[in-house]
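Residue numbers (the working numbering), protein chains in the order written: chain G, 1 to 229; chain E, 1 to 231; chain H, 1 to 227.
Treat the hints as calculated values from the structure; they're not laboratory data. Hints are supplied without guarantee of correctness; some may be wrong.
With a straight-line cut-off of 27 Å between C-alpha atoms, the simulated DSSO-like cross-links for lysine-lysine are [what the hints assert, rightly or not]: (1) K41(H) x K186(E); (2) K186(E) x K124(E); (3) K15(E) x K186(E); (4) K4(E) x K205(G); (5) K15(E) x K181(G); (6) K124(E) x K99(E).
Not close to chain H: a few residues of chain E, all C-beta gaps over 12 Å, as computed [what the hints assert, rightly or not]: (7) P20; (8) D22; (9) S41; (10) L60; (11) M100; (12) T168.
One side of the interface only, derived from the structure: several residues of chain G facing chain E at Cβ under 7 Å [unchecked claim]: (13) A151; (14) D164; (15) E194; (16) L196; (17) S210; (18) R211; (19) P225.
The beta carbon of each residue, even a glycine, is placed where N, CA and C say it ideally should be.
One letter stands for each residue in the lines below.
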Amino acid sequence: MHFEVQYNPAHSLATAHLSPGESVRAEASAMVSMSPSLTVETNTGPQGRGGFFTKAKRGLLGGESFFQNVFRASGKAGHVCLAPRLCGSMVVHELSGQRDLLIQGSSYVAAPDSVDINTQFQGFKGFFSGESLFFLKASGTGPVLMNAFGAIEEMELNGEMVVDTGHLVAFESGINYEVTKAAAGWISSFLSGEGLVLRMSGRGKVFIQSRNPSEFGRTVGSLLPARRG
Amino acid sequence: MQYKIEHGPSFAWLKVDLSPGDELQAEAGAMVRQEPQVEMSTHLNAGRHAGIFQKLWAILVAFVRKFIGGETMFVNRFTASQGGQVVVAPSLSGHIVHKMLDASSRLFVQTGSYLASTGAVDTKVRFGGLRTLLGGEGLVLLECSGAGDIWVNSYGGVIPIEVNGSFTVDTGHIVAFDGSLDFRVKSIGGVKSFLFSGEGLVCEFSGQGTIYVQSRNLSALVGWLSPLLPA
Amino acid sequence: MQFEILDSPDFALLQLRMDTGDEVVAESGAMVAQDGQISVKTNVRGGLMGAAKRKLLGGESLFQNTFVAQADGQRLYLAAPSEGDMQSRDLGPGEEFFLTSGAYVAHIGKELQIDTKFGGVKGFFSGVGLFMLRIVGPGRVFYGSYGALHSVEIGAEGYVVDTGHIVGFTPGLSYKVRPFNGFKGLFFSGEGLVAEFQGEGTVFAQTRDAASLASFLHPFRPVQRGE
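Produce the complete structure using the sequences and hints provided.
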């Protein structure tokens, strides 16, 4: 199977083309349209490990549900079109079995069974709602479809970089990261608007998105009518 | 100081290479990534030459807006004693426009559109009336003057419109405009239209100068989404 | 009258150049900017009085604005509230087009009919307050999307589309609405519904859906304080 991405960078749509017998796992709410001949099974766990997600769900950005569907082409070829919740791009990273990819929970979209997805929970809740870090580890071989809020920059890290947590999409394993406050004190970190940042060091690919979902959420959310709780 | 606007026009970010002695001021929360040697300090954006009353007023405004939503008026200042790179981005989708101001320029920028500035650019808050203090479509403007660079962001695409006569813009669609233009905030077509026409407030410009118009509007987004939200 | 859709597909903006007497009707709230010599008249959209009972999609109101140019060379800029694309469809006399109510932006042509009493599309948007418009030419209708506009030619196999991603479709298609594989949307009724199309025609889909954006923003909303 392969992914075809259109309408980057703002309104990306990814089409997973499946030959007979092939399947792809994707978040349930990501489906836009599909061939009627595909069968769909609903799983509530990620590949490789089940049950963790009900606990993790509460800490996820924006109430990310992470219920996975398996779309399968049985008799004939077919396709399923997928899209994320926010505007932005999608990118495919090809895993070759050499280096795993650590993906921010809300950035993962879909992958075939040859890619193993495991949770690697990093339970840091910042002071802003939704500012928690949650990583998935993708290993194995095959394409991994990820989304970015905004445009995506694929950077080759060689040294050190400080990255705002909301702008991090994914990075290759082997790169070290340390979660720290943006500024020296808690109050200045809060006022600076930056909250938590990641000090990254090492060599490898780092994927960065040019918009921050939490910043967007705060900017718009504060203007929306109040909710009951 | 060198800068580059990348990923435009839809999700532009501003990449700045600081030399020793340079200072970049950016709205709070805008940092994407920076080299570790770049230093960041947080300040209240009361204007560079603010006296005690202007500072108090700015604190009050920041306090009120923090509760009712909108720009908080805190800014971060980035310096690098040995040089370094910092990347900043706005919170909404759209583009970034750079303007070079000199000592005699005056640029009005809608507060939500201010991204960053350098040098001696001074930003003073100006209100279009009491209604604007409460947020929404009211016109809260930053009057920017002084020599230096300023970067503004748009929600959606940005179109520079040359005005020579009269031109009307929905207030939520204003990014920035030349200080040479006269402007008046009003509701479109009188009270009845204000209630029914969907366009809340508009700004009537007259004279000669450039207006930067954005093709999307935060209030329209809120109005579009609100009925879809559960209780 | 000339028109151009700028910045498609990311943040489409409709630019019109109107001469004296030219008229455009637009959804209230669509006006971005205009030259000084265009008059604006607000009126109730015909046929919508029955819709007053229905919960209407935000930005979609009972009212529309008619813009009339009082001089030559007047510029008018119109946009949809959502981040996305805009297209137009030129309809011949009697030619139909079905459009989601939230997607309508504007139209040119005094004889163009917008039928909102059209109830033939049950089940698409249960509980969400969207309804389908039946547009009949002659005239040109401008419609916007959340996300890019992705058109699909329906073939013999048919096609399944999530209802939140439907913008419009041409006549000649039939459809069945059903829950998507038992998946009940987490936040909204209407989420988790799909339409299975059969027949011959084109379905215009959008690559984002408003309910997903609303569910993303929900945790960022201020919390009501108890009395």
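Inset, instruction - Could you check if E194(G) really has its C-beta closer than 7 Å to a C-beta on chain E? - result: Check passed: Cβ of E194(G) comes within 5 Å of chain E, closer than 7 Å.
Legend entry - 12 Å Cβ clearance of D22(E) from chain H: At about 32 Å from chain H, D22(E) clears the 12 Å cut-off, so the statement holds.
Inset, instruction - Just double-check T168(E) for me: nearest Cβ-Cβ distance to chain H has to come out over 12 Å. - result: With a cut-off of 12 Å, T168(E) comes too close to chain H, as the shortest Cβ separation is near 5 Å.
Legend entry - K186(E) paired with K124(E) [C-alpha distance capped at 27 Å]: holds, 23 Å
Legend entry - P225(G) as an interface hint toward chain E, with CB separation required under 7 Å: holds, 6 Å
Legend entry - Pair hint outcome, K15(E) versus K186(E) [Cα-Cα no greater than 27 Å]: Distance of about 38 Å is beyond 27 Å: violated.
Legend entry - Hint consistency between K4(E) and K205(G) [alpha-carbon to alpha-carbon, up to 27 Å]: holds, 22 Å
Inset, instruction - Assess, step by step, whether the Cα of K124(E) is no farther than 27 Å from the Cα of K99(E), and give holds or violated. - result: At roughly 17 Å apart (the allowed maximum being 27 Å), K99(E) and K124(E) satisfy the hint.
Inset, instruction - Would you check whether A151(G) satisfies its interface hint, that is, whether its CB is within less than 7 Å of any CB in chain E? - result: Holds: closest Cβ of chain E sits about 4 Å from A151(G), inside 7 Å.
Inset, instruction - Given the hint that K41(H) pairs with K186(E), test it: the Cα-Cα distance must not exceed 27 Å. - result: Holds: K41(H) and K186(E) sit about 16 Å apart, inside 27 Å.
Legend entry - Non-interface claim for M100(E) versus chain H (Cβ beyond 12 Å): holds, 25 Å
Inset, instruction - Run the C-beta distances from L60(E) to all of chain H and say if the shortest one exceeds 12 Å. - result: The assertion about L60(E) holds, with a minimum of 20 Å to chain H.
In summary, the numbered hints that this structure violates are 3, 12 and 16.
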